[in-house]
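> Chain Y is already provided as a structure; the job is to place chain U on it using the hints.
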Amino acid sequence: MAVSARGVSKRFHPGGPEEVRALNQVSLEVSPGEFISVEGPSGGGKTTLLNVLGLLERPTEGVLIWNGRDTASLSERERSRLRLTGVGFIFQRFFLVPTLTARENVELPQRALGRPAVERRRRAEELLAQVGLSHRLDAYPHQLSGGEEQRVAVARALANRPGLLLADEPTGELDRANTESVLDLLVGLHRSTGASVVLVTHNPTVSARAERHLSMVDGEIVADSRSP
Amino acid sequence: MRRPPLSVWRLRHWRLQAVLTALAMAVAISLPVILLSVGNGVSEHELRDLESSGYQIAISAPGLHGIIGAHDLVKELDRTDAVSTASPVLSVAVDLFHAGRGPIPVLAEGVIPQAFTATLSPEELGLFPTPLPLGDPADLAHWANGSYAGPSADRILLSSPLAAANGLSVGESLNLSASAAPEPSTSFTIAGTFGVPPALLGPTGAFAALLPLSDLQLLTGYARNPSGSLIDAADTVQVALAGSAATQTGRVNQVAGVIQGMYPYYAVSTLTETVEQAASAAAILSGFYLALSSVSLAVGLLFLALVLLRRVESMGPSIAIRRAIGVPARLLAWDQAREALWLSGVGLVGGLLLGVGAVEALATWGHGAVQEAAQLAIFDPTMLTLLGLSVLGLGLLASTAATRAALRLPVTEVLR
Numbered sequence: 263m264a265v266s267a268r269g270v271s272k273r274f275h276p277g278g279p280e281e282v283r284a285l286n287q288v289s290l291e292v293s294p295g296e297f298i299s300v301e302g303p304s305g306g307g308k309t310t311l312l313n314v315l316g317l318l319e320r321p322t323e324g325v326l327i328w329n330g331r332d333t334a335s336l337s338e339r340e341r342s343r344l345r346l347t348g349v350g351f352i353f354q355r356f357f358l359v360p361t362l363t364a365r366e367n368v369e370l371p372q373r374a375l376g377r378p379a380v381e382r383r384r385r386a387e388e389l390l391a392q393v394g395l396s397h398r399l400d401a402y403p404h405q406l407s408g409g410e411e412q413r414v415a416v417a418r419a420l421a422n423r424p425g426l427l428l429a430d431e432p433t434g435e436l437d438r439a440n441t442e443s444v445l446d447l448l449v450g451l452h453r454s455t456g457a458s459v460v461l462v463t464h465n466p467t468v469s470a471r472a473e474r475h476l477s478m479v480d481g482e483i484v485a486d487s488r489s490p
Numbered sequence: 337m338r339r340p341p342l343s344v345w346r347l348r349h350w351r352l353q354a355v356l357t358a359l360a361m362a363v364a365i366s367l368p369v370i371l372l373s374v375g376n377g378v379s380e381h382e383l384r385d386l387e388s389s390g391y392q393i394a395i396s397a398p399g400l401h402g403i404i405g406a407h408d409l410v411k412e413l414d415r416t417d418a419v420s421t422a423s424p425v426l427s428v429a430v431d432l433f434h435a436g437r438g439p440i441p442v443l444a445e446g447v448i449p450q451a452f453t454a455t456l457s458p459e460e461l462g463l464f465p466t467p468l469p470l471g472d473p474a475d476l477a478h479w480a481n482g483s484y485a486g487p488s489a490d491r492i493l494l495s496s497p498l499a500a501a502n503g504l505s506v507g508e509s510l511n512l513s514a515s516a517a518p519e520p521s522t523s524f525t526i527a528g529t530f531g532v533p534p535a536l537l538g539p540t541g542a543f544a545a546l547l548p549l550s551d552l553q554l555l556t557g558y559a560r561n562p563s564g565s566l567i568d569a570a571d572t573v574q575v576a577l578a579g580s581a582a583t584q585t586g587r588v589n590q591v592a593g594v595i596q597g598m599y600p601y602y603a604v605s606t607l608t609e610t611v612e613q614a615a616s617a618a619a620i621l622s623g624f625y626l627a628l629s630s631v632s633l634a635v636g637l638l639f640l641a642l643v644l645l646r647r648v649e650s651m652g653p654s655i656a657i658r659r660a661i662g663v664p665a666r667l668l669a670w671d672q673a674r675e676a677l678w679l680s681g682v683g684l685v686g687g688l689l690l691g692v693g694a695v696e697a698l699a700t701w702g703h704g705a706v707q708e709a710a711q712l713a714i715f716d717p718t719m720l721t722l723l724g725l726s727v728l729g730l731g732l733l734a735s736t737a738a739t740r741a742a743l744r745l746p747v748t749e750v751l752r
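Residue numbers (the numbering used here), protein chains in the order written: chain Y, 263 to 490; chain U, 337 to 752.
Be a bit skeptical, because a hint or two may be false.
[Claimed, not checked] In silico contact screen, one side only, chain Y against chain U (beta carbon under 7 Å); selected entries: (1) Leu318; (2) Val359; (3) Pro371.
[Stated by the list, open to error] Listed below are several chain U residues computed to face chain Y (Cβ distance under 7 Å; list not exhaustive): (4) Pro653; (5) Ile657; (6) Ala660; (7) Ile661; (8) Val747.
Hints were generated in silico from the structure; no laboratory data involved. From the three backbone atoms N, C-alpha and C, an ideal C-beta is built for every residue, glycine too.
So that you can see chain Y by itself, here it is in the shape it has in the complex (with noise of 0.2 Å):
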């Protein structure tokens, strides 16, 4: 998946007292299979980027074009489509639906576009399988540790096979041991899936991992660097 921001701002409340400027003048090219890491203080537009980039919030200046398309033509209809198709989220707060098993959870996304329920349900064991959770499959969320209701999520990123994967803080609620197995899982299925990936974070272990570095300030990109 290749993802191009040029010259995006993101305002909010615009023209009011209470304006505020997440996103400014952010020009950005993801490649398709890269990971890249984004980092800065709170406040700085890490999760504003993510969600212009999710096709969440719509730029309020530049463009942004998903596989050569641009989407500022598009209709909320649309862009839900090339979310539920194109794109993974995970969240620092996980948000699995609670009243969902870990299965159905997984299932959600290939239920919305339509996919039979024998292979929904063949795709969400194979993905919990994957992330080690197939003893969980009937759990509900409550019932299971932070670690595993992130890996929870990350399995339901991949439902759809997205080609892009945006990650808000993946890590940011689990100890040392669940932050290194997330990352690791995060990590295998990036080089497996090919999907590029984007991941906010505060912690400089995590970012480590990454092949792209990017530092944001203030709403804009001030450090854009390459592991060696």
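Below, chain U alone, put in the same frame as chain Y:
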């Protein structure tokens, strides 16, 4: 084991809310079930009563003395083409005194015995002893050409509720007075009792007495006016037609026209008109029941909408994550609709059971007019189907508010 659809399965996670919502819907739905079934049942019964009446034309006159010269008028009517019988009826509230007790208010009906029975429907006739044991079948002996000098049988029939409530038995004597005082009064012998028609009679109607027209006229001052002139008054004259004329609306109207021509100063109406008027009144009542039902259903709808909206608020992150993933709006809407349909459906079944159960309970254990009305209830399948469809439609309407709220959730703020 195959599980129900997810939206329905989710209901078990908010069992108490779901149960309370379904219960509220059931209560809201039971009201229209009760109102419409009992209301329509009573209206239908009254219409059936009218249609099966033993007479086809009624002559009435407003005013103090009503129809004057009732006995002669009946003779004239009996000679009219196609008329089988004409029965004058005088209804006056009097007071009953018996064994030192009284006054007991009673609705007294003065009739010509054989004409009266000839204008009763078969159902009504079954309530009376036949022939009426009032003596003087044509009420001509006592009336004696307007002199009221003939011998009176002084007999009276009492309604069963009146006799039972006051311990009055056949063969006993009682006194009737036109005023609340025991004197002046007239003594009568109880010649029998009659049943109360299975209709919504109030206490006055149930506490009734039947006696010869001339006796009641004398008792109540409807025989002569204060100056001594003959009045011979009645309130109404019920006219039964003979043979096929009774069943042909055109013929009934024709005879009514003839009678109206004979007595232009009295109101002549056909039972068909009365039935039409009653049907119009029933339609108005049905509209009133529907309006009340709408209020009840609207309250149920608002409650359901509020619960669904509250659910959207409490399930905000779950809904936001679905939207972030890219679940189409129509699937989110369908989820809300399914929950609403499920709750409405359970409420509908509960409401129908509750409504039917309440009516059956009233019919079995209720008292008086309430029990009688409940026993007449009609559970019309068409009406219940329409009610069900309305409830499900309103449920879908309620879900649109929840869907709108779900689609307006600020996804990125909720998932922050």
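> Evaluate each hint against the coordinates.
Tested hints:
no. : hint   : verdict
1   : Leu318 : 5 Å, holds
2   : Val359 : 4 Å, holds
3   : Pro371 : 5 Å, holds
4   : Pro653 : 5 Å, holds
5   : Ile657 : 4 Å, holds
6   : Ala660 : 5 Å, holds
7   : Ile661 : 5 Å, holds
8   : Val747 : 6 Å, holds
Comparing the model with each numbered hint stated earlier shows that all of them hold.
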